[in-house]
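Engineer: Listed here are the chains, written in short residue letters.
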Amino acid sequence: KAGVTQTPRYLIKTRGQQVTLSCSPISGHRSVSWYQQTPGQGLQFLFEYFSETQRNKGNFPGRFSGRQFSNSRSEMNVSTLELGDSALYLCASSWRTHSYNEQFFGPGTRLTVL
Amino acid sequence: GESVGLHLPTLSVQEGDNSIINCAYSNSASDYFIWYKQESGKGPQFIIDIRSNMDKRQGQRVTVLLNKTVKHLSLQIAATQPGDSAVYFCAELAGADGLTFGKGTHLIIQP
Numbered sequence: 156k157a158g159v160t161q162t163p164r165y166l167i168k169t170r171g172q173q174v175t176l177s178c179s180p181i182s183g184h185r186s187v188s189w190y191q192q193t194p195g196q197g198l199q200f201l202f203e204y205f206s207e208t209q210r211n212k213g214n215f216p217g218r219f220s221g222r223q224f225s226n227s228r229s230e231m232n233v234s235t236l237e238l239g240d241s242a243l244y245l246c247a248s249s250w251r252t253h254s255y256n257e258q259f260f261g262p263g264t265r266l267t268v269l
Numbered sequence: 009g010e011s012v013g014l015h016l017p018t019l020s021v022q023e024g025d026n027s028i029i030n031c032a033y034s035n036s037a038s039d040y041f042i043w044y045k046q047e048s049g050k051g052p053q054f055i056i057d058i059r060s061n062m063d064k065r066q067g068q069r070v071t072v073l074l075n076k077t078v079k080h081l082s083l084q085i086a087a088t089q090p091g092d093s094a095v096y097f098c099a100e101l102a103g104a105d106g107l108t109f110g111k112g113t114h115l116i117i118q119p
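Sequence order for the protein chains is A and B. Every letter in the first sequence is one number past the one before it in the working numbering, and letter 51, counting from 1, is 206. Every letter in the second sequence is one number past the one before it in the working numbering, and letter 68, counting from 1, is 76.
Chain A with its partners taken away, still in its complex shape (with noise of 0.2 Å):
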């Protein structure tokens, strides 16, 4: 069974523009959770999606935004870039919303801001 999926792998962008990323969960799974991760903050938790609903939501932006299809395909959308958006952005799908004992992770997007 394939993994989570996620494009572009590298992405390099300057500031003020924006920036769309991909994740194709797990054939099945309708929950996807996007993530931050930085060296200095580590991991945060930006929001996850159920059955093309937000669930739940982290300590973000308003430029930052998401969502998902009836796929369960899901998109993150950062708009406005500044150079602090530097970052891993990871994807995990699950059955399940809150699942997180089940949840698996994708390879990340590495988004590069100059």
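Please keep in mind that the hints were generated in silico from the structure rather than gathered at the bench. The structure presented is a predicted model; accordingly, all values stated were derived computationally and were not measured. Think of the CB as a built atom: it goes at the ideal place given N, C-alpha and C, for glycine as much as any other residue. Keep in mind that the hints are not guaranteed to be accurate.
[Claimed, not checked] Here are some chain A residues pointing at chain B (derived, C-beta under 10 Å):
1) Ala157
2) Gln161
3) Phe202
4) Glu207
5) Thr208
6) Tyr255
Dock chain B against the given chain A, drawing on the hints supplied.
Structural biologist: Below, chain B alone, put in the same frame as chain A:
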């Protein structure tokens, strides 16, 4: 604000020895804890979890200990192998706000 933290950024152990990785948390309302392993270039991988109504849980070669009195969590890895080299971090859950993660300990295995 309250957060989860780790005591050491790097831990070096001899192959075959036991490893103990520590984590301190400050939110007394946290009732669920997870340990993750993250290898270079990969996403985190769930290792083991524990609920606050337990003080010990064992898996395959791993044991998690929870001391609620001092708000301390530890991960013990028995007979450490080269494949155990990774960053390990803990996470806590309090309420419905999502997981809060520690920054991680880099476990280095010496031959």
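Engineer: Work down the list of hints and note, for each, if the structure agrees.
Structural biologist: Consistency of the hints with the structure:
For Ala157 (chain A), the shortest C-beta to C-beta distance to chain B is roughly 14 Å, which exceeds 10 Å, and the interface hint is violated. Below 10 Å, beta-carbon pairs count as interface contacts, and Gln161 (chain A) has one with chain B at about 9 Å; its hint therefore holds. Nearest Cβ of chain B to the Cβ of Phe202 (chain A): about 8 Å, under the 10 Å cut. The hint holds. The beta carbon of Glu207 (chain A) is not positioned within 10 Å of any beta carbon in chain B (closest approach about 19 Å), and the interface hint is therefore violated.
This hint is violated: Thr208 (chain A) has a C-beta 14 Å from the nearest C-beta of chain B, more than the 10 Å allowed. With a cut of 10 Å, the hint placing Tyr255 (chain A) at the interface with chain B holds, because the nearest CB-to-CB distance is about 6 Å.
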